[in-house]
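Trainee: For reference, the chains in residue letters:
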Amino acid sequence: MSVNRRRTTNTIEVNFLAGWLVIVFLVGLAGLFFVYLKNQQHAVGNQCRLVESSLREEEARDEALKAKISSMTSRGALQHRLDDGYIALQAIRDTAIARVTPPAPAEVDGVLRTASSDPESRFGPGVPQRAINR
Amino acid sequence: MGRRIGVICALLVLIFTAFAWRLIHLQILKHEYYQEIAAVKHESRQVISPRRGRILDRNGEELAVNIPVQMVYADGSHIHDPAALARIAAPFLEVPVEELTEKLTTKNKYVVIRKGVSEEKAQDMIRAIDKANLHGLYLQEGSVRSYPNGEMLCDVLGYVDHTGHGADGIEKTCDEELKGQEGFRMIEHDRKGREIVVYRGQEQPPENGCDIRLSIDMGLQAIAEREVDEAYKTNHPASATAILADPNTGEILALACRPNYDPNKYNEAKSDHMRNRAISDMYEPGSVFKIIVTSAAYNEGIVDDKTRIFCENGHFSYGGKIIKDHHGSGDLSIHEILMKSSNVGAAKISLRMKDQMFYDYVRKYGFGTRTGIPLPGEIAGLVNPPHRWDMLTKTRMAFGQSISVTPIQMVMAMSAIANGGKLLKPKLVLSKGEGSAELHEAPIAQVVKPESANYIANALEKVVSNQGTAPLARIEGYRVAGKTGTAQKISPHRGYLMGRYIVSFAGFFPVNKPRIMGIVIVDDAKLSETANYGGSVAGPVFSKIGVKIARYLDMDPEPSESLSKQGSSTATVSAR
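From first to last, the protein sequence lines are chains P and V.
For what it's worth, the numbering used here labels the leading residue of the first sequence as 1, then goes sequentially.
For what it's worth, the numbering used here labels the leading residue of the second sequence as 1001, then goes sequentially.
Isolated chain P, as found in the complex (with noise of 0.2 angstroms):
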C-alpha cells in the first residue's frame, strides 16, 4: 500500500514571519531615519557653515568701513583738506557762545577761549560755579 508522504498542505506561520517582517521593517525604517538625520546634520551644518561665512561677511565688511570712516576722518586727512581748501574752519562770534563759566581772555593778545564746565580747572578748587550766559 503506497503512502502519500507528501502533506497534503503547507501552513505558512504567519506569526513568525509577521514577526520577523516587523523586525526587518523597523530595521530598515531605523536605517532610513538615521540616513535622514545624518542628511539633515549635513544640511543644517551646510547651512551653519554659510551663516558663519555671511556673517564673517559683514563683519569684514563692517571693519573695512570703519578703517575707512577712521581715515577720511582722522585729523591727518581732515588737515589735508583743510589745506587744500576742500573744507574751511569757521568763526564762530563769541556772541554766539553760550557760555558757562565767564570767559577769561589773555591779557594782551585778547584770545577768546572755549567755555568749560568746570570751575575748578578755570578757577581753582573751592570757588563757586556761576553760571553767566552771554
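Quick list of in silico lysine-lysine cross-link-like pairs, DSBU-like style, CA-CA up to 30 angstroms:
{"hint": "1", "chain 1": "P", "residue 1": "K38", "chain 2": "V", "residue 2": "K1131"}
{"hint": "2", "chain 1": "V", "residue 1": "K1109", "chain 2": "V", "residue 2": "K1030"}
{"hint": "3", "chain 1": "V", "residue 1": "K1265", "chain 2": "V", "residue 2": "K1172"}
{"hint": "4", "chain 1": "P", "residue 1": "K66", "chain 2": "V", "residue 2": "K1121"}
{"hint": "5", "chain 1": "P", "residue 1": "K68", "chain 2": "V", "residue 2": "K1115"}
{"hint": "6", "chain 1": "V", "residue 1": "K1489", "chain 2": "V", "residue 2": "K1462"}
{"hint": "7", "chain 1": "V", "residue 1": "K1306", "chain 2": "V", "residue 2": "K1321"}
{"hint": "8", "chain 1": "P", "residue 1": "K66", "chain 2": "V", "residue 2": "K1265"}
{"hint": "9", "chain 1": "V", "residue 1": "K1192", "chain 2": "V", "residue 2": "K1131"}
{"hint": "10", "chain 1": "V", "residue 1": "K1548", "chain 2": "V", "residue 2": "K1513"}
{"hint": "11", "chain 1": "V", "residue 1": "K1030", "chain 2": "P", "residue 2": "K38"}
{"hint": "12", "chain 1": "V", "residue 1": "K1192", "chain 2": "V", "residue 2": "K1121"}
{"hint": "13", "chain 1": "V", "residue 1": "K1041", "chain 2": "P", "residue 2": "K38"}
{"hint": "14", "chain 1": "V", "residue 1": "K1107", "chain 2": "V", "residue 2": "K1121"}
{"hint": "15", "chain 1": "P", "residue 1": "K38", "chain 2": "V", "residue 2": "K1192"}
{"hint": "16", "chain 1": "V", "residue 1": "K1425", "chain 2": "V", "residue 2": "K1513"}
{"hint": "17", "chain 1": "V", "residue 1": "K1192", "chain 2": "V", "residue 2": "K1107"}
{"hint": "18", "chain 1": "V", "residue 1": "K1103", "chain 2": "V", "residue 2": "K1192"}
{"hint": "19", "chain 1": "V", "residue 1": "K1354", "chain 2": "V", "residue 2": "K1364"}
{"hint": "20", "chain 1": "P", "residue 1": "K68", "chain 2": "V", "residue 2": "K1172"}
{"hint": "21", "chain 1": "V", "residue 1": "K1449", "chain 2": "V", "residue 2": "K1354"}
{"hint": "22", "chain 1": "V", "residue 1": "K1172", "chain 2": "P", "residue 2": "K66"}
{"hint": "23", "chain 1": "V", "residue 1": "K1233", "chain 2": "V", "residue 2": "K1526"}
{"hint": "24", "chain 1": "P", "residue 1": "K68", "chain 2": "V", "residue 2": "K1265"}
{"hint": "25", "chain 1": "P", "residue 1": "K68", "chain 2": "V", "residue 2": "K1121"}
{"hint": "26", "chain 1": "V", "residue 1": "K1462", "chain 2": "V", "residue 2": "K1548"}
{"hint": "27", "chain 1": "V", "residue 1": "K1115", "chain 2": "V", "residue 2": "K1131"}
{"hint": "28", "chain 1": "P", "residue 1": "K66", "chain 2": "V", "residue 2": "K1115"}
{"hint": "29", "chain 1": "V", "residue 1": "K1422", "chain 2": "V", "residue 2": "K1548"}
{"hint": "30", "chain 1": "V", "residue 1": "K1121", "chain 2": "V", "residue 2": "K1109"}
{"hint": "31", "chain 1": "V", "residue 1": "K1030", "chain 2": "V", "residue 2": "K1107"}
{"hint": "32", "chain 1": "V", "residue 1": "K1265", "chain 2": "V", "residue 2": "K1115"}
{"hint": "33", "chain 1": "V", "residue 1": "K1432", "chain 2": "P", "residue 2": "K68"}
{"hint": "34", "chain 1": "V", "residue 1": "K1172", "chain 2": "V", "residue 2": "K1432"}
{"hint": "35", "chain 1": "V", "residue 1": "K1270", "chain 2": "P", "residue 2": "K68"}
{"hint": "36", "chain 1": "V", "residue 1": "K1270", "chain 2": "V", "residue 2": "K1172"}
{"hint": "37", "chain 1": "V", "residue 1": "K1462", "chain 2": "V", "residue 2": "K1526"}
{"hint": "38", "chain 1": "V", "residue 1": "K1432", "chain 2": "P", "residue 2": "K66"}
Read the hints as simulated data drawn from the structure, not as lab findings.
Add chain V to chain P, keeping to what the hints say.
Mentor: Chain V only, in chain P's frame:
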C-alpha cells in the same frame, strides 16, 4: 546536478569569504593606516587669526586700525583645469592669466597666490568659481594695518611688517599685547574642499590683541607736527624735532620729527627718515645743559642766590684754551648766568664742584642711561666718567659740550626742574586693554631738592625776558621758563663744523603750575651764522606751539602783574 550546485555554492562561499577577508583587512587590520591617509586628505587644522589690537591716543582717537583682507591660496590636488580656473580668477586677483595658470599648475596643497585681496573682491571671486563648478582656490582671512593719520606720529607708532609683526615703534614694543593669540579648529572637508561642519573637531577661539592707549594727545600732536613742519620747510634743516610732555607725570603728549615717513607705505620710505630722532639721535645740548651744573651747585650749597661770579668779560683762559661768551660780562649772579647764558660763568661754577660730584649729578639727571621710554632703538647718549676727563672736560660739559644726550633725556631732565626735582620715567603707554588700570610709574629719583629746582625755574623764567636769550620763546599771557641751546655740530673727522649748529629750546609753562614741558631742536638750519640761534630759531617754534596749546587746553592766562618781569615780546635776541 547536485554536484554543480555544490561547486557554485563553494565558489560563492569563496568569493564572499574573500570579500569578508578584504573587509576585515581594510577595516580592522589596516584601520590606522587608512585612517591616517584619510585624515591627511580630509582633515586640517584651520587657523583662526586674532584681531590685532588698535592703538589709541589718550582720548580714544584711533591711531592704528586693521583692514580685513583675504589671502588667496591654491590647493593643487583639487585643481583639474588650471587654465579655466585662471581665466575666472585672474581679473579678481589682477594677475595675468598666463602667470596664474602657471601658478595653478601644481600638485602642492598650499600655494599662496595673492595676499591682501579686499574682502569684496575675494568673495566675488569665490562665487564666480563656484558658479563655474571649479575648485582649488581658497581664502584665508587676514588683515592689513592702517594708520589713518598717515605720517603723523609715525615715529611713535612704527609699523607692522609683511609677516604681521610689529617692526618699529609701539607696534614693536607692544607686539605681544597687540597681536593676541591665534585660535584653531580641526575640520574635515569634502572633495570640493568645503568644510563638513558635522565633523568639526576640537576648537579653540582666538584671543584678540588688546587695544593700547597712549599718553599722546592728538590735538597737541597736530599742533607740534604743524609747527615742526613749518620750521622744517622754512629753515631747511637736516632734521627738526619737538617733544611735548607733562612734567608732573612724565607722560609724553606729542612727539614730532622731520623728516618722517608714512607707515602705510613703509617700504617706500628711506631708512634715514624712519629713525626716531627723539630717542636715537644724540647731540651736544649746548647751553641747555647749564641747568644741570647750576642746579647741582645750588643743591650742594656751593652757590647760593648771593653768589656772584666774575665772568672775565667774556674771555676766560683755562687749560690753555679760551672759553668765550657771546656778550662779555663782569660779575653775574646764578640767575644772570642762566639768563645771559654765560659759558664762562657755567664753567667757573663747574670748577667749584668736585669731578665725581658733577658726574654724579649728570648721571642722576638721567644722562648716560636710557630713559626707558617704551620705544625700540633708544640710545643712552655719551657721558664719559671722570677718569677719562682731561682738564677741560668739566668746564666744557658745564655748557653742554663733551657730552652727548638724546632729546628725550633733555626733556626729562628739564621736567625735573619743572616738577620740583623729581626725575620721571617717560610714559607713553597709559593702559593696555579695555578696562585695564592705568599704568603708573614712581619717580626714578629726587635729583635735587624742590627749593633748588624752584630756584633754577625762576632763573629760567628770565631767559624769555627782554634781557634773556629767548624773548621770542615767550607765550603771551603765560609765564614761561626755558633755556636756549646753540651747539656747534661735531665733525665726523674730530672737532666741530664751522657755521653749522644744532639749536634748541627746552621750556615749560605756566611757571607756577607747569602743565606742559616742551623741547624744540633744529639741526643744521640753513641760515646765516648770525641768525642761527636757539633763541631765534627754536624759541619761536616753541612759542607758536605754546600759544596754540594754551588755546587748545583752555589754559587760564596769568595775571598781568606776574607777567611783568618777562616784559613785552618786541625785544630782539641778544645772546645765545
